[in-house]
Every structure is written in structure tokens, then in C-alpha cells.
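**Q** Sequence:
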Amino acid sequence: MLRTLKYTVTIIGLLSLVGLSFGSGFGLARFTTAAPLDPRIESPVYFKVFREAWGITQQNFVDPKALDPLRMTRGAIKGMLDSLGDPHTGYVDPQLYKFEQADLEGAFDGIGAQVGIQNRRLTVIAPMEGSPAEKAGIRPGDLILQIDGKDTTGMSVAEAVSKIRGQRGTKVKLSLLHEGDKRPTEVEIVRDQIKLPSTSRKILPGNIGYVRLAFFSEKVKDELKPVLESLVKGQVDGLVLDLRNNPGGLLDETISVASQFI
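With our numbering applied, the sequence shown covers 31 to 292.
Just so you know, the hints here were simulated from the structure itself, not pulled from any lab data. What you are looking at is a predicted structure, and each value in this text was computed from that prediction instead of being measured. Any given hint could be a false lead.
Said to hold, decoys possible - Each computed DSS-like pair below joins lysine-lysine, with the alpha-carbon atoms no more than 25 Å apart: (1) Lys255 / Lys212; (2) Lys193 / Lys128; (3) Lys263 / Lys232; (4) Lys212 / Lys232; (5) Lys212 / Lys180; (6) Lys212 / Lys251; (7) Lys232 / Lys249; (8) Lys193 / Lys232; (9) Lys212 / Lys165; (10) Lys180 / Lys95; (11) Lys255 / Lys128; (12) Lys180 / Lys128; (13) Lys165 / Lys225; (14) Lys225 / Lys251; (15) Lys128 / Lys232; (16) Lys165 / Lys201; (17) Lys203 / Lys225.
Starting from the given sequences, assemble the full structure and let the hints guide the process.
**A** Right under this line is the structure:
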């Protein structure tokens with residue numbers, strides 16, 4: 031579409047085009063089916079230490095009620111893939127995958143706050159603009175101490191998100207510690223539908239068009255096309271495509287976006 035453009039296109043953060051998100055964001059550009067195991071790997075030698083460690087833990091761990099075989103198995107898989115040292119290879123459990131799929135659809139029910147683990151504490155990365163979280167006074171860097179009265183110590187991001195998200199119109203109560211405060215703050219937030227526009231635009235000084243792609247959702251192609259067409263009609267003298275902090279997304283949509291420039 032943009033082959034007729036005669037101005038310069040500047041791309042910020044090009045590596046985001048191939049970024050694959052894990053943790054906060056979005057992503058999962060490719061899945062593969064399981065290949066047959068190498069017969070050598072099936073040998074007891076390779077799993078002897080693992081079986082011994084599993085058995086010792088099951089027999090001697092101080093709190094038998096805390097032993098969750100499914101959670102332990104998923105932790106082992108995660109550790110195995112983490113040991114490869116590849117930031118683009120990781121394990122996504124079913125719950126987190128469900129959340130990511132909802133995000134890629136461009137909308138979900140919740141409070142509209144990005145959360146993550148920082149210094150082993152559940153922390154607000156940022157509230158989304160205009161969201162219930164922002165209106166409730168949630169700030170970047172807030173520690174989430176409790177969710178509906180449950181202590182978040184040791185809680186995973188997926189578990190926290192599953193408790194914070196919920197049907198619009200329902201409430202969730204959070205105990206927060208604002209940065210610099212000594213006492214926690216209690217807030218009760220009414221959940222709502224959170225829309226995730228993947229594209230935003232503005233005109234910079236010098237008649238330069240600016241387009242930011244937050245992530246590659248299944249709607250990004252349809253959102254981007256009219257934005258670019260309006261900039262072309264406005265006869266801007268240049269275009270900045272900002273991909274900073276874009277965590278990735280759907281591979282097909284990434285290709286569709288690139289195709290509008292190539």
C-alpha cells in the first residue's frame with residue numbers, strides 16, 4: 031500500500047517484529063507438535079537423578095499438603111527449558127496461555143493493570159490509561175500484598191491474574207503498598223471490559239507522522255491500515271513506526287503489518 035509514499039519511514043525498535051513474549055505480554059508466534067523421543071533419552075540413566083529427587087521430596091518434604099504433582103511437573107518442564115538459555119523458548123502453562131489468547135483478541139474483563147514479579151514480589155508494572163485500575167489510584171511500582179484477602183507471597187503471575195480478572199461488574203479488593211509508603215492501602219475495584227487498542231497515532235513537529243504498535247493482536251492489520259491511509263492523505267513528510275516495548279504477538283499479523291510497507 032505504501033509503495034507510493036515518497037517520504038522516509040523510520041522504524042524504532044525493529045527487533046520487536048520478531049519478539050516473542052513471555053511473562054507480561056503477548057505472543058506465541060509458533061507452536062510445534064511433539065516429535066518422537068530419542069530412544070537414548072528414554073533410558074533410565076537420564077532420569078535416574080530426577081526420579082530420586084522426586085521420590086525424596088515426596089517422602090521427606092516438611093509439608094506433605096504442599097506437594098502438588100502437577101505444579102511440580104510444570105516447574106520441572108519450565109526449568110528444563112530455562113536451562114537452554116534461549117529467551118525465546120519457554121513453557122506457557124494452560125492458564126497463562128488462556129490469558130494471552132484473550133489479550134490477542136484485543137479485549138478482556140478485568141481492572142486493566144499490567145503486573146509482574148520484581149524482586150520476588152507481585153508488582154504493578156503500569157495501569158492502563160483510563161482503566162478501572164488507573165481510576166482507583168493504582169500506580170506503577172505498587173506492590174500487591176493481598177488479593178481478596180489472600181497473601182500474594184510466592185504467588186505466580188498467572189495465579190494473580192486469574193484472581194484479579196473476572197466478569198465485568200464484579201469487584202476485587204486489593205491491598206497495595208505504594209512506593210515510599212509505610213502502610214498498605216486497601217482499594218476495591220469494579221471490573222470492566224478492558225479494550226487493548228494495538229495502534230495509536232499523532233503528528234510530530236515537522237509534519238512527521240508517528241504510529242505506535244503496542245502489540246501484534248489479531249486486529250492490528252485492520253487498525254493500522256486506515257491510520258496509514260489517513261497519514262498518506264495528510265501528505266506527511268515522514269513516518270516514524272514505534273515498536274519499542276512491543277512484546278510480539280501473532281506471526282500472521284506481524285507479516286501483514288510488514289506487507290503494508292514492503
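**Q** Work down the list of hints and note, for each, if the structure agrees.
**A** Here's how the hints hold up against the structure:
{"no.": "1", "hint": "Lys255 / Lys212", "result": "violated, 49 Å"}
{"no.": "2", "hint": "Lys193 / Lys128", "result": "holds, 14 Å"}
{"no.": "3", "hint": "Lys263 / Lys232", "result": "holds, 14 Å"}
{"no.": "4", "hint": "Lys212 / Lys232", "result": "violated, 40 Å"}
{"no.": "5", "hint": "Lys212 / Lys180", "result": "holds, 20 Å"}
{"no.": "6", "hint": "Lys212 / Lys251", "result": "violated, 46 Å"}
{"no.": "7", "hint": "Lys232 / Lys249", "result": "holds, 19 Å"}
{"no.": "8", "hint": "Lys193 / Lys232", "result": "violated, 36 Å"}
{"no.": "9", "hint": "Lys212 / Lys165", "result": "holds, 22 Å"}
{"no.": "10", "hint": "Lys180 / Lys95", "result": "holds, 18 Å"}
{"no.": "11", "hint": "Lys255 / Lys128", "result": "violated, 28 Å"}
{"no.": "12", "hint": "Lys180 / Lys128", "result": "holds, 23 Å"}
{"no.": "13", "hint": "Lys165 / Lys225", "result": "holds, 15 Å"}
{"no.": "14", "hint": "Lys225 / Lys251", "result": "holds, 16 Å"}
{"no.": "15", "hint": "Lys128 / Lys232", "result": "violated, 33 Å"}
{"no.": "16", "hint": "Lys165 / Lys201", "result": "holds, 14 Å"}
{"no.": "17", "hint": "Lys203 / Lys225", "result": "holds, 22 Å"}
The structure is inconsistent with the numbered hints 1, 4, 6, 8, 11 and 15, although it conforms to all the rest.
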